[in-house]
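Residues per chain are reported as follows:
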Amino acid sequence: MRLPDKKTLEKRQLIYSALLILFFLFILSGFIRLQVTHKNIYVQKSISNSIRKIEIYPVRGLIRDNKGNILVDNRPSFAAALIPKVVSDSTIQVLSQLFNIASDKIKKQLRKDYGFRPVIIARDINQEQLAFLEENRLAFPGIVTIVESKRFYPEGIRSPHIFGRVGEVTPKEQLFNPNLKTGDLTGKSGLEKGYNSELKGTKGVTYARVDAYGKEIGMYDINRNVPPVHGSDLYLCMDYKLQKFAESLFQDKRGALVAIDTRSGGILALVSKPDYNPADLSGKIDPEIWNQLLHDENHPLYSRAIQSTYPPGSTYKLVAAIAALQEGIITPQWTAFCPGWFKLGRKTIHCWNTAGHGRVNLKQAIKGSCNVFFYQLGLKIGLNIWEKYSRMFGFGSRTGIDIPNENKGLVPSTAYFNKRFGVNGWTRGNLANLAIGQGELLTTPLQIAQFAMILANKGVYNKPHLVDHIYQYSTKKNINFPAPTKYVNGVSDSIYHFVRDGMHEVVNGGTGWRAKVPGIDMAGKTGSAQNPHGETHAWFMGFAPYDIPEVAISVIVENGGGGGAVAAPIARKFLEMYFYGKIIPRPVIPKNTIQTEIQQPLKIPDFKILEPLPVSTWGDSL
Amino acid sequence: MRKNIFSRIDFVIIILTVFLLTAGLTAVYSAVHAPGLAKNFYFTKQITFAIVGFGIMLFIAFLPFKLIERSAYFIYAASILLLLLVPLIGVKGFGAERWLAIGSFKLQPSELAKLASVLAAARYLSKPDTDINRWKHILITLAIILLPFVLIARQPDLGTSLVFLALLIPILFWAGMRWFIIFVFVSPILTAVFAFNFWAFLIWMLVIAAILFISRQKYSVLIFVFLLHIAVGLTTPVLWSQLRPYQQKRILTFANPEADPKGAGYQIIQSKTAIGSGGIWGKGFLHGSQTQLKFLPAQHTDFIFSVIGEEFGFFGIGLIMSLFVLLFLYLLYLAANLRSVFSGISLIGITTILAFHVIINIGMTVGLAPVTGLPLPFISYGGSFLLSVLSMMGFALNFSMNRFKN
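Sequences listed follow chains W and U, in order. Once you know that position 564 of the first sequence is 564 in the working numbering, the rest is easy, because the numbers rise by one and skip nothing. Once you know that position 361 of the second sequence is 361 in the working numbering, the rest is easy, because the numbers rise by one and skip nothing.
A portion of the hints provided could be inaccurate.
Straight-line alpha carbon distances no greater than 25 Å define the calculated PhoX-like cross-link-like pairs of lysine-lysine that follow [said to hold, decoys possible]:
#1 W:K7 with U:K405
#2 W:K284 with W:K188
#3 U:K294 with W:K6
#4 W:K45 with U:K294
#5 W:K150 with W:K67
#6 W:K193 with W:K408
#7 W:K6 with U:K66
#8 W:K244 with W:K193
#9 U:K294 with W:K7
Note that these hints are calculated values from the structure, not bench results.
All chains, please: the whole structure from these sequences, using the hints.
Set out below in structure tokens:
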């Protein structure tokens, strides 16, 4: 082609130039959008890119007894973590061997988190592992060790069922509380769970500058950092010395003891045996120990005091007595004859005292724990009234104690029986059984102790609770938890008086004489609950002092035998320790005062030996 | 006319080149800056290439004008040969074979091919008997440019191969192709894009009909072109659905990288963050957090403009873009004032290559153009490319100095 004329060329130049300028203006508009109109968004983005928020875990609050002694403390523990973006396959291999975790599992864990946030692979690593990682830090990029804290229990502290345990958050818990992050520690049971929000404290935050590889290259702005807040300390109502002593009373026994301060509802002792060492479940849990605990047929993980339910046995006769008197079904003068047996339909049921109690009135029946009297009384009361009074005294519902997983027990009703046995499938025999605290009725030791507290205070009581107050580090103040005062509505004072008097006689010459603390006027009731697992469960419930009560107590020894022989002495020792701070050499109660219940001469034990009294074969009532 | 040879040097080109090179070196210094590092290895290397390149530019500027025109076919043949050698003895980089190793020096034949194709096409079109509006001559011109396109696309180096497609229209346009033929070339591409939306397609078809009506071509031609568009519009969606999902995804990611925030989108997001956070005045030299903390991928090569955007803000961006626009407008002005057809078309080719790189690269950093891996002329780190760009400037200088020769 030949050179076109000047005009044509200039026209082409103009068209091309205009097109180029258009393209550049188009792109320039992109820069205006980013740098002028939307600048702030990108400034923020750029800050969050290079500034990493690092959470600082607070110190978990301590648990102390009423004297301020530390019961649950913290100790540092070390965790090995990996930074997903930096870590290499060979590093994962090394970790997998060191901690004996499959490398696939580690990789799976890493895949969940993306970027530079360290992912904890192994918690509570031992000193050798820690030393190994620290020494070879440069050889394995991407491994970091993180200081955490784990629960520490000072020498001599046990009571795992009170304190409970701390563990890593599960996905299910996150579902209920979206504030929990993966890897956080939270209370799993006991006080740790019940008071988790108080104990856990508040996380702190620091901001660090990081490069694109996640390496920290210094602090960002110190003024923005927020220090963590120490979790609140819990102060319990109990003196741990007393709790520890109470625990020692259950050596080689299965059972529970609950002692409540009747004036406040504060728990003085909450024993469940057998138990385990809480240190075993702190930090890394040895799977062997865990399996052992899980499959132990004595169920040490179970808190018997609040989770196990038992038939209450004769201690429950008091409910029938109150119901009958309050509803005017009988008068205190009403009597029944106990020949030692009772015929109900075609069945003959026996009193524990096969020789019979003779003609007894209500007070005598309580004192001697006469079954025949209460069979007859139960039939007179009827199921509906019996159920109403049971519920009035807190049975069949949770006491609301401040630790989780409380069992509410079972108070059967007409509807329950109809559902379980069919409308005509159950008889008056079931009812008679319930009156003496047997049959379908189930209660927890805590409920029985609460019942004792209600009787001690003549109907007014406080919700049982372990924690007296908390100390808040942020405000530097003690915060008291109000324990709501409750009352039983509709039982007159004279009736309480009558029943308390009966309980007084039980301890003073009745079946519960072994619970008697010298110098302290007190009241109680024994029980020996029949159960399908062998020997009867030995029960004792009571309160002391009689006139101005301080302590309500319930004791159960599973398959221990008679309540008066096995449970009552435990209560006595506990109360002696409570009132005197020591075990008192026992003044012997004259033999004749217990004649009413013991027909055969009782071999009086050698009271120099203060350990559990020998179990008598039938020295007690049902 | 014949005065001192140095008085003929085009100082507009020289000054703009020096300004752009300085800006580039500043940006590279910041992009590879690492505190505590005594020597800035990349920067030293880049400054060496800049000096060498400047020398080459001046050398080319003083080459005899006729020699360039005469050796155009030879250079073209050599570059095609080198491209053919790449699959045989090439060095792999970034999953594609692009490099030829000559001793320790790595040569990218596709860089040479860009210039060679421009020169060869210009040589062919400048023959007195070539008529760009004849089909035979059109096809030969297309072949000259599309042969390296195919070879490079096969490497695969999609970004660089697109440069050749971009060359086509401006060169044909400058060579005087009738706008109707250009329309026939360009419009099917738009038709294919509009075919995915019925209403857009309908409106586009009305526009085409109107343009055809105005064009006053023979009815048979008009009907043929219109039917061609209908056919393209109907078959494109069918062809699209024939593609495997991963192929569709690749094309969509190419068009819209932010749909893939962990892969290609990551670069765009980081780049936009860097540019946006720079604001109007920038964060200051060596004070861009995105740059200095290495959040920007390829920040010394493909995404170097983000560094400027972050540290020098809209002000710096505007300055550099003005330099580029000035350079291109000047080159276009020059092209219109050359007495030689060969050098005019060559200069249009060179301008197009550079402008395409600049628009695609800068557009990419703000998310307005796809991520293709095209570096930014004068600014991006990379010896081979810098030498290639400065050689082109050398030819521009040469044409300018010989503007009155034909």
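Hints, one by one, checked against the model:
Proposed proximity of K7 (chain W) and K405 (chain U) is supported: the alpha carbons are some 19 Å apart, at most 25 Å. In summary, the hint linking K284 (chain W) to K188 (chain W) is supported, as the alpha carbons are separated by about 14 Å, within the 25 Å threshold. Between K294 (chain U) and K6 (chain W), the direct Cα distance comes to roughly 52 Å. Violation of the 25 Å bound is thereby established for this hinted pair. A threshold of 25 Å between alpha carbons decides the hint, and for K45 (chain W) with K294 (chain U) the separation of about 15 Å falls inside it, so the pair holds.
Restraint check for K150 (chain W) and K67 (chain W): satisfied, since their Cα atoms lie roughly 24 Å apart, inside the 25 Å limit. Distance hint between K193 (chain W) and K408 (chain W) is fulfilled; the C-alpha atoms sit about 19 Å from each other, no more than 25 Å. Restraint check for K6 (chain W) and K66 (chain U): the C-alpha separation of about 23 Å stays at or below 25 Å, so the hint holds. Among the hinted pairs, K244 (chain W) with K193 (chain W) is consistent with the structure: their alpha-carbon atoms are about 22 Å apart, no more than 25 Å.
Pair hint K294 (chain U) plus K7 (chain W) does not hold up; C-alpha atoms about 52 Å apart against a cutoff of 25 Å.
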